[in-house]
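Given next are the chains, with one letter for each unit.
Protein chains: 2
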Amino acid sequence: MALRRDYASQSCPVARSLEVIGERWTLLVVRDAFYGVRRFSDFHAHLGIPKAVLSERLTRLIDNGVMTAVPGTGGKDCYELTARGRTLWPTIWALIAWGNDNFYEPESRRSYRHAECGGTIAADRICDACQAIPEPGDLIVHPPRRRRNTHDDPVSVALRQPHHLLEPLVTRR
Amino acid sequence: MALRRDYASQSCPVARSLEVIGERWTLLVVRDAFYGVRRFSDFHAHLGIPKAVLSERLTRLIDNGVMTAVPGTGGKDCYELTARGRTLWPTIWALIAWGNDNFYEPESRRSYRHAECGGTIAADRICDACQAIPEPGDLIVHPPRRRRNTHDDPVSVALRQPHHLLEPLVTRR
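Residue numbers (our numbering), protein chains in the order written: chain A, 1 to 173; chain B, 1 to 173.
Think of the hints as simulated: they come from the structure by calculation, not from any bench.
No residue lacks a Cβ here, since even glycine has one placed at the ideal position from N, Cα and C.
Just so you know, not all the hints are guaranteed correct.
Claimed, not checked - To be clear about the criterion: a stretch of chain B counts as covered by chain A if any three or more of its residues have a C-beta under 8 Å from a C-beta of chain A, and this derived list gives those stretches:
no.: 1; region: 10 to 16
no.: 2; region: 86 to 97
What the hints assert, rightly or not - Ranges between beta-carbon positions, derived for each pair:
no.: 3; chain 1: B; residue 1: Pro106; chain 2: A; residue 2: Asn64; range: 15 to 25 Å
no.: 4; chain 1: A; residue 1: Arg172; chain 2: B; residue 2: Cys117; range: 53 to 63 Å
no.: 5; chain 1: B; residue 1: Asp101; chain 2: A; residue 2: Thr59; range: 19 to 29 Å
no.: 6; chain 1: A; residue 1: Thr59; chain 2: B; residue 2: Cys117; range: 44 to 54 Å
no.: 7; chain 1: A; residue 1: Cys130; chain 2: B; residue 2: Asp128; range: 15 to 25 Å
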């Protein structure tokens, strides 16, 4: 069955966005980057996809200006969201909110709090305390009250503590 | 290369959402449903994907409570968003806004206006006239000032006129 792998026939911003971020697993790479994951090995351990697929996804995100490679320790590159990439936060948030509303009990949801005032971010991205719409770098993600899984990869373990979005996630290996 | 087709290992609302709407072309089916596309033949003409793929996507959306089939004229089903499906609007909107910001000049963008007050919806979904965040059913989509393509499928032609989102799109065949 021939199914085109791009949306060239669709002159539409939704289709154009999906050409960049619609590939399988790509949005989970972006999600992890908002969590502060930077090392290839951490993305790999957390996502559990083949290294070749992860590498291809990162390359495509870099080619489209969503992520960038920066020198890391030990001569290995790290990966960060660019300014363009950080503007994907409303997309990631919409998927978080829709997934939570439909599939997770409140006690199994991570909460996102406004670093400046401590308020909780509601489904519409508005802080319930100060009514601002904080940028992702002003948010602290808190683990759910009830742990959802027993994954013990370095990223899952690190995210059991509150963490400032976009700040590098310190993992132990 | 083995690449899992689900995200069962990812205990996360982003992954859970993508299990429902992350398949290739699925979000464009949802986008069209917001535009008021209801007939299988209209989805098919507008998306240009094989009928078997479209049928599989619609079935999966119905199975997950995002769309529903209703009796149409001539004994053929029509497809509509459910209440759950309509809550995907912030996701679709985030992709519209990101795609417009990055890939379309202002004159090539559709505009979305608040039916009640005539204000224009800004990137954060807030009406620039009354500051409300309108539901999609309160929005009227206007064609871009500069036409982006010469598609003459029935849906593209119908959307050259302003149209109330979610209201059935009347197409000529």
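Results of checking the hints against the structure:
no. : hint                              : verdict
1   : 10 to 16                          : holds (count 7)
2   : 86 to 97                          : holds (count 10)
3   : B:Pro106 <-> A:Asn64: 15 to 25 Å  : holds, 21 Å
4   : A:Arg172 <-> B:Cys117: 53 to 63 Å : holds, 54 Å
5   : B:Asp101 <-> A:Thr59: 19 to 29 Å  : holds, 23 Å
6   : A:Thr59 <-> B:Cys117: 44 to 54 Å  : holds, 46 Å
7   : A:Cys130 <-> B:Asp128: 15 to 25 Å : holds, 22 Å
Hint compliance for this structure: no hint is broken.
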